[in-house]
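Let's have the full structure, built from the sequences with the hints guiding it.
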Amino acid sequence: MNNLLFFFIKARPWILFAVYAVISCILLFNSNPYQQSVYLTSANSLSTSVYEAATGVTSYFNLRNINEDLQRRNSALELEVLSLKQQLVEFRDMEYARQHPLDSTLNRYNFILAHVINNSVHRPHNYITIQKGSLDGIEPDMGVVDQNGVVGKINVVGPHSARIISLLNNNLRLSCKVKKSETLGSLVWNGSDYRTALLEEIPRHATFAKGDTIVTSGYSTSFPEGIPVGVVLGELKGYDDNFHTLKVRLFTDFSKLSTVRVIVDKMSRELQVLEQAVENEDDEAPKKEVKN
Amino acid sequence: MLAITLVLILVQVVILNRICLFGIAVPLAYFYVILRLPVTISKEWLFTIAFALGFIIDVFSDTGGMNSLSCLIAAALRRPVLHLYFPREDELADPFPSISSLGFLTYFKYAVTMTTIFCSLVFIFESLSLFNFWHLIQCIIASSVLTTAVIIGIDSLTLPRREKRL
Chain R
45 MNNLLFFFIK ARPWILFAVY AVISCILLFN SNPYQQSVYL TSANSLSTSV YEAATGVTSY
105 FNLRNINEDL QRRNSALELE VLSLKQQLVE FRDMEYARQH PLDSTLNRYN FILAHVINNS
165 VHRPHNYITI QKGSLDGIEP DMGVVDQNGV VGKINVVGPH SARIISLLNN NLRLSCKVKK
225 SETLGSLVWN GSDYRTALLE EIPRHATFAK GDTIVTSGYS TSFPEGIPVG VVLGELKGYD
285 DNFHTLKVRL FTDFSKLSTV RVIVDKMSRE LQVLEQAVEN EDDEAPKKEV KN
Chain P
21 MLAITLVLIL VQVVILNRIC LFGIAVPLAY FYVILRLPVT ISKEWLFTIA FALGFIIDVF
81 SDTGGMNSLS CLIAAALRRP VLHLYFPRED ELADPFPSIS SLGFLTYFKY AVTMTTIFCS
141 LVFIFESLSL FNFWHLIQCI IASSVLTTAV IIGIDSLTLP RREKRL
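Line order of the protein sequences matches chains R and P.
In this text, residue positions in the first sequence follow this note's numbering: the first is 45, and each later residue adds one.
In this text, residue positions in the second sequence follow this note's numbering: the first is 21, and each later residue adds one.
Fair warning: there could be bad hints in the mix.
[To be verified] Here chain R is said to cover these stretches of chain P; the calculated rule only asks that three of the stretch's residues, wherever they fall, bring their Cβ under 8 Å from a Cβ of chain R:
1. 53-65
2. 77-83
3. 157-166
Derived by calculation from the structure, the hints in this document are not laboratory data.
We treat Cβ as the ideally placed atom computed from N, Cα and C, and that holds for glycine.
Shown next, in the form of structure tokens:
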């Protein structure tokens with residue numbers, strides 16, 4: 045018994061060693077990390093506060109990398125915002141087209157919505173620039189309208205943009221008629237006021253009244269018949285003795301143009317071919333007569 | 021001694037645990053505390069301190085009982101190793117083993133041996149779950165070299181202060 049006691053006293057450090065070793069082994073081989081007490085992991089409050097303090101200092105070391113990352117991310121996001129804005133514009137166009145429905149008789153025509161990116165009303169020859177071009181299907185001589193009335197004709201086309209020769213340009217003559225009496229005339233701008241234009245070459249016998257609506261005649265492939273242009277303000281006397289000349293208030297507010305529609309006439313090519321053929325036939329007709 | 025221990029634990033936990041040179045070398049500088057414990061200390065205290073030290077590191081670095089078991093075994097082997105290089109330890113003027121008390125060469129041999137034992141234990145326990153022999157050997161050698169260098173460095177740093185006290 046004494047020997048046993050003596051052994052324990054002598055071996056006391058090694059018993060302690062064994063106890064510690066067993067505890068360590070239990071900790072080491074406790075393979076299930078979910079069953080560990082929170083106090084034995086780095087999630088305890090002391091470890092947390094130490095690590096927090098350390099992170100408070102060391103986080104500054106990474107700022108350069110973080111900054112670069114953020115800038116890269118920022119530029120990616122900016123690109124995304126830009127593309128989303130682009131989509132928004134497209135959807136707005138669709139919404140605009142839905143909210144301003146067009147006459148069903150205009151099925152022959154297609155419309156390309158475009159935004160005005162440059163516009164002038166004060167020069168004698170005004171032009172408008174839009175952000176759509178040949179890649180969007182725009183071709184020269186297409187008519188351009190907005191929700192109120194005629195705007196102009198496509199003049200020069202680039203891949204992503206096009207220039208419109210504005211109605212406020214005295215190089216452009218537009219074939220129009222008085223809606224009520226079907227009297228034909230030619231609309232031209234006189235270069236003074238962007239709200240008014242002149243309808244020239246109205247025959248002397250024609251009847252009209254103040255407030256009559258002027259619409260397009262449809263005698264060109266640019267504009268379908270009946271697109272509103274303006275209303276008659278009155279006759280301009282002493283301008284041309286052989287014809288009436290009417291002062292017309294334009295429906296389109298050229299100072300506030302934003303979204304315009306480019307008219308695509310699906311039949312324009314067909315008509316061109318047809319007209320060309322007719323012209324050729326006329327040329328050939330006399331020869332046939334000679335043969336006969 | 022307590023101050024050195026606390027500082028080393030903090031440094032180990034906050035800085036050195038995040039260092040892993042070339043993917044293999046981890047400096048385990050806190051082991052310096054066990055090397056530095058006086059030779060006159062009783063076995064009970066030696067084991068208790070070693071276990072407690074390893075346990076604290078384990079808790080901070082989420083390594084189960086890896087460091088505590090390694091520290092415990094290394095502490096038990098401390099006296100035989102020291103005896104191997106410095107048989108007359110009773111003649112030590114200063115009970116704290118250091119460069120100044122043992123001389124550089126003896127201390128270096130003592131430190132290298134102890135560190136190698138300790139690093140081997142740590143990495144063997146670590147690799148119990150994922151065994152890759154060559155990686156294990158590389159880790160042990162690289163970490164032993166790095167840890168020894170750090171420990172010699174720390175001992176050199178504490179040298180002048182002790183001389184001033186004397």
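Hint check results:
{"no.": "1", "hint": "53-65", "in the structure": "holds (count 3)"}
{"no.": "2", "hint": "77-83", "in the structure": "holds (count 5)"}
{"no.": "3", "hint": "157-166", "in the structure": "violated (count 0)"}
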